[in-house]
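Peer 1: One letter stands for each residue in the lines below.
6 protein chains.
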Amino acid sequence: MADPYVHPPLHAVRDAVARAIAEDLTPLGDLSAALLPEGAMARAQFVARDSGVVAGTLCASEAFRQIDASITVEWCLGDGDAVGQRGVIGTASGPFASILTAERTALNFLGHLSGVATRVAKLVAILEAAGGAQAPKLWDTRKTTPGLRALQKAAVRAGGGRNHRGNLSDWVMLKDNHLMGLGITEGVRRARDRWPGRTIHVECERLAQVLEAAAAGADALLLDNMSPDEVRACVDAVNELGFGRRRPLLEISGGVTDENAHLYARCGADMISSGSLTNSVSVLDIGLDFLE
Amino acid sequence: MADPYVHPPLHAVRDAVARAIAEDLTPLGDLSAALLPEGAMARAQFVARDSGVVAGTLCASEAFRQIDASITVEWCLGDGDAVGQRGVIGTASGPFASILTAERTALNFLGHLSGVATRVAKLVAILEAAGGAQAPKLWDTRKTTPGLRALQKAAVRAGGGRNHRGNLSDWVMLKDNHLMGLGITEGVRRARDRWPGRTIHVECERLAQVLEAAAAGADALLLDNMSPDEVRACVDAVNELGFGRRRPLLEISGGVTDENAHLYARCGADMISSGSLTNSVSVLDIGLDFLE
Amino acid sequence: MADPYVHPPLHAVRDAVARAIAEDLTPLGDLSAALLPEGAMARAQFVARDSGVVAGTLCASEAFRQIDASITVEWCLGDGDAVGQRGVIGTASGPFASILTAERTALNFLGHLSGVATRVAKLVAILEAAGGAQAPKLWDTRKTTPGLRALQKAAVRAGGGRNHRGNLSDWVMLKDNHLMGLGITEGVRRARDRWPGRTIHVECERLAQVLEAAAAGADALLLDNMSPDEVRACVDAVNELGFGRRRPLLEISGGVTDENAHLYARCGADMISSGSLTNSVSVLDIGLDFLE
Amino acid sequence: MADPYVHPPLHAVRDAVARAIAEDLTPLGDLSAALLPEGAMARAQFVARDSGVVAGTLCASEAFRQIDASITVEWCLGDGDAVGQRGVIGTASGPFASILTAERTALNFLGHLSGVATRVAKLVAILEAAGGAQAPKLWDTRKTTPGLRALQKAAVRAGGGRNHRGNLSDWVMLKDNHLMGLGITEGVRRARDRWPGRTIHVECERLAQVLEAAAAGADALLLDNMSPDEVRACVDAVNELGFGRRRPLLEISGGVTDENAHLYARCGADMISSGSLTNSVSVLDIGLDFLE
Amino acid sequence: MADPYVHPPLHAVRDAVARAIAEDLTPLGDLSAALLPEGAMARAQFVARDSGVVAGTLCASEAFRQIDASITVEWCLGDGDAVGQRGVIGTASGPFASILTAERTALNFLGHLSGVATRVAKLVAILEAAGGAQAPKLWDTRKTTPGLRALQKAAVRAGGGRNHRGNLSDWVMLKDNHLMGLGITEGVRRARDRWPGRTIHVECERLAQVLEAAAAGADALLLDNMSPDEVRACVDAVNELGFGRRRPLLEISGGVTDENAHLYARCGADMISSGSLTNSVSVLDIGLDFLE
Amino acid sequence: MADPYVHPPLHAVRDAVARAIAEDLTPLGDLSAALLPEGAMARAQFVARDSGVVAGTLCASEAFRQIDASITVEWCLGDGDAVGQRGVIGTASGPFASILTAERTALNFLGHLSGVATRVAKLVAILEAAGGAQAPKLWDTRKTTPGLRALQKAAVRAGGGRNHRGNLSDWVMLKDNHLMGLGITEGVRRARDRWPGRTIHVECERLAQVLEAAAAGADALLLDNMSPDEVRACVDAVNELGFGRRRPLLEISGGVTDENAHLYARCGADMISSGSLTNSVSVLDIGLDFLE
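Line order of the protein sequences matches chains A, B, C, D, E and F. What the first sequence shows, in the working numbering, is residues 11 to 302, in sequence order. What the second sequence shows, in the working numbering, is residues 11 to 302, in sequence order. What the third sequence shows, in the working numbering, is residues 11 to 302, in sequence order. What the fourth sequence shows, in the working numbering, is residues 11 to 302, in sequence order. What the fifth sequence shows, in the working numbering, is residues 11 to 302, in sequence order. What the sixth sequence shows, in the working numbering, is residues 11 to 302, in sequence order.
Read the hints as simulated data drawn from the structure, not as lab findings. Be careful, since some hints might not be right.
To list a few chain F residues with every Cβ distance to chain C over 12 Å, as calculated [unchecked claim]:
(1) V83
(2) Q95
(3) E138
(4) A140
(5) E240
(6) G252
(7) R256
(8) H272
Ranges between beta-carbon positions, derived for each pair [what the hints assert, rightly or not]:
(9) N235/E <-> D186/A: 52 to 62 Å
(10) G49/D <-> E84/C: 11 to 21 Å
(11) P47/E <-> S80/D: 55 to 65 Å
(12) D186/B <-> P47/F: 50 to 60 Å
No more than 20 Å apart at the CA atoms, straight line, and that leaves these computed lysine to aspartate or glutamate pairs for EDC-like [as the list claims (entries may be wrong)]:
(13) K185/F <-> E48/C
(14) K132/C <-> D295/C
(15) K185/B <-> E302/A
(16) K185/A <-> D295/B
(17) K185/C <-> E222/C
(18) K185/D <-> D203/D
(19) K185/D <-> D299/E
Ideal Cβ positions, reconstructed from N, Cα and C, are used throughout, including at glycine.
Can you build the whole structure from these sequences, using the hints too?
Peer 2: Printed below as a string of structure tokens:
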């Protein structure tokens, strides 16, 4: 049984793989594999062309399984494990033609999700190098690739990041546009009344809003597009309100890059979020090398 | 009716949007929009934060339609159009809460697909600047994001690129692994016999293979990971075979980047393909700005 | 609103059309229509190349609607209407490219289902010519084309036939193999006990079985592969049992063809069933002719 | 546009209705409606046979729409409104046969969901009568009818209740079995580390656990199967910990009935939850009365 | 292989479970199980908190299978078996975290369907106690919970009831509204003509209708909202018509409760139907107890 | 692993079978099998009632698997093998009731697809008898039965035919209507520009069009509704253009029947296509015979 912390739920894996297979094999199947001599068997290794962090092994296994259940896939590395350049991640064995048919679908998942995990791990490392034990944790967003939310969010966890809300249904987030219609204090009050027990998260663009939201009882505050100094000022102001251990979670959002992340790592905030972890990612280049 | 050359087929749009909405609104819908005053109406503009090429307008419209059919979306720019920084792409009007609920889903599609189109357009421009009328065309690959094949391939067309085969079912491609079991001449013969009328495409790693594949009657040759000089040598050798206008299509594949593309632009090949057009793309940053 | 007697339920139409469109347009849509000049409009007529009976107009309309909701389809003939050679069935108007994209899907439904209706109508006519008011009605079977049960059964009704049970779930049918394990009398008793209110239908290969099933209280008797004389003998024997108007329904099954149908038309049976109405049908050739 | 606070998300409505229609009309559609004279039109009113609270109007409208888009449905009462015995809730107008076909599906949704809302409203009224302004709010659970989670949870809101977590993915809940493997303090610590920002909810069976969980920083405490006195003792003990307004939410769970609810209404807890609100509900009897 | 008489068809089980899992685990999976130590194994027993009749074991097994195929589920009791308070129904063994993830989904099915079976069994027992061998059988209706038709109808069988028509497609039922447009005699004639072989069922509100429907050849008569005496009068009147063993089935419908059922049990009718068997049911309380 | 050349892709098999099972078993499953004694086991053979060519074994196996995974199916013949009258194709073993439930669904696929393969094989034999080594190959079309494209196209291959384009997305085909808007030369140019690498196929009604299309660089020419002499004239004219081995593919389309096929077999064309291979096919009659 796969560790549910770093893996997506299986139903999401099955559905995403089924869709990918349908788009690659409709309507005639694999014309090229249909040319191979029948009965040939093969073994092939998943090999990383670059170093990174692995994610998506359940998807890759499922792609082989749906194409041909007689293929065996074994993993030497699992989701969340680091892999070096030329490192072997796993092995697929079975009918030659079936392995070729499933190869690209399996690699598309594995490369994309490992790309997410690798990107996350790199930024986590920068934050931890700069911030040590006080480094904020890294949060993803809802800026995910359509249809891959569950898979990408699991890859973020595999890379050492944390998941912001999963969707519009799991916690309340009052952004600038919501607040236009409501105001912070009234917005938090309504949220608390209608959705008791849920995280109430307020987007703040300036210190006055931070103070209002904290006073109103928000559970988390998004500090929107602030400089490290502005963040620090907000953190200090909230600390002075005396919440102690129940201080609202403070999130830095907007404009954090690999280049400036170290500046944000020691501001005292709890979280840094970035849409680019999921919507602007390069694949980790992984190939499938056949063994003689 | 949308231009089918730059738009994906509607059934793919409907399905992809339905999945994205389900992943964002299961099970309780949008908690935050449920706090807004009932009956409020709004207008908001899609505004590009960076310059680029637009793609994905059908998906964005469909996202609003599936959330609330009373929302009206009008586009000032369409798929394939260039947009400048701060340029307005379109406008959504209707119930305030519904627009907020649909916003992120619509933007996730629009940003991702415009990101693909923008990336493609940039590389096409490099090739055309260097190669003029002889510049090879730009081809995508099957290295797409799972579940988004149809949408990404349409975005490639919107960006001025061309689509390589859509999937394993539309033409025959004999890669190194297929050839291990078959050999080029026999492989092309079998393909021609079993799949008459279809493009037969052969991956070649060196000149001898190029010559064998051309002699065997392949329709297209993939020149794998060759330097510009190696490409030129292959092109010349094939030209000497005297096919005239029916010369097999010559594709440069592997290792082409924004930095070295100009070197490949004048080699005489027909196509340059790159997986990064679809699997390693940054979103075009597009926001939805509410109007007073 | 469509007459529900000759039309299939709409949900079945929507689903079948969506599948047909997906198999025809995955992943890139219609390459050829994407070459046409944008904005061209057209009108085209559905014209029968042979005479027959129309069925499937809902499916054809739905195919156009799913491809492009701006296409208008109007029918001069409806399901169940006779059409002569060169007869016009309906007209589609709208964007030229969209009509071309939907054309084949619409015609595949219309031709196939009209083929079923035409085949049914022909055999009904033979039976009525020979049997007059006593002619048995024509029944379809569960020998339908997979995935098209609802559509084919509606086409049978459009052709003047009647629907045998729709599936394994709507009435009890005890065939030879069921009876091996049960015996007729015990089978009917169990069926009556477990499924009160439902039709109980028993397959009989000889007169003794007919008498046993009738005595056991079966609602319908299938006379399997009998000659007209054997059928008549069974009918007479059942009539002598004195059921009056509540006589079990007598069905002739097996071996009825256009050539021998008239011989069975005056045997006194209620129904003649044939799998060939749905599983061995030629399309009614219908084309889409564009108007200048 | 429907108020998203009392209505389920539309995608859930569409899917649930499509399934209900498929199960009621596969494979042959409505045999009985197919007997009616073509072209007859009708109007019919949804009338409550008992008093209660309305929910499910979107589902009922959608059922008519999917059966026949030419039917018009208008509601005089909406989700969350009280209806008296013989009260009219809405009117459907259109083709007679189509209204009959959709009737039962529409009523099955409307009756079931109004039954949930009515049940919730009754218990809320008991709590408010006994507890006044201090009355705990009423929470549903994940003990919902499979496939109807989104619809039932919306009906709970329509009835004046609140939604506990929507599913396993929206907040962390450590029940006795999770705690067996972890312990409260370590469990809360891990949850906070792995899922920052999310509600952490701990099931407690006795005061010592309540104190440990509160000290560990849990956001909500489930007081499992406690008497009113035990609840009051826990509330007092937590109050003494001095959280002020950020006191963890205290939930009474288990054994609350219409009969004893008033005893729990003044214990100082925030919430009372009950699985019976969604898994043991009688329909609100609603009929569709045709008008002459 | 499961007994098809008391179990629902497997495709309905698979689909219903897949939907329930998607609604409980979208998008992030089980946050809480993701906190448990990896590799822990467990065994747990399904234990009834009340006595009743079991139904839904296929659904429960399928829920575990879809969550984690390495879980083993063994049943000591099967659908249709009585279970006492604290009786063990079955055992699940496998990874601890997976069992916890699947628990609620499995119990929601098992509790709901066993609730239906238990409710049915109770009313059947009342009827049999009062009516002995002449007791009418108990029929469900189409008043089922949307999406669960197949599962609830199987649970009715498991409880000792019988299934009325499964949907609008399996037999003809002429209710008051259909008859408004048609009249009984003409309605039955049309039904017999259009749908030969199928049960024709007529709703009757008074004796004259009963006699007309019987004379017209209806197969079943619904006696709508009649007192026991009125039922008896109708039964006697139909008996006098001399159908013998082929008497139309007589169904008592409307207003039968646990309290008055014994009064209807000796009226000579064949069936008693009640929508409350499926639309107003309390769960049978079943828990999953982990073993040390 | 099944030979991908003669088998459809598995995802298409799974989906088509799931739909067929749902239409045959919704909502109550198999009423009749539910009467059989529990626990009975059986073996049964698939036996051809006529001679022909087998196709569809994957579908038949899948039907049994989805109904009851404990059934074993073994094939003595595979897709593409000839079977004689009374020839045994395979054997199913397992629970008696399950085999009966799956029987019709399995046979509907097997009979239909073997019917396609048999029809194809017959016409191929006629062509080969008349044309010897120069006989054109037989092509299917897009005139397939909706929803069965992948399965029918595989059956065509099993019968010795070849697959024309799979759908609108795999190659460009310029028919008369496309050409109305474009003209041949411009149409081919646009196609080559927008869809490089893809087959460009032009429908020609007369010699002048043939010459224009060949000159324009089309890859394949459809000779529409021509007599054998007209075909020969076109072939000669194209041969004179001196393409050598890269001559465009010449396809005879329209009006070819079993009766006149031999006249077309020696015209020098490459392909003969016929819609009737897939849209006007009789089943191969195959039964399932139970063994004592």
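Peer 1: If you test the structure against every hint from before, which numbers come out violated?
Peer 2: none
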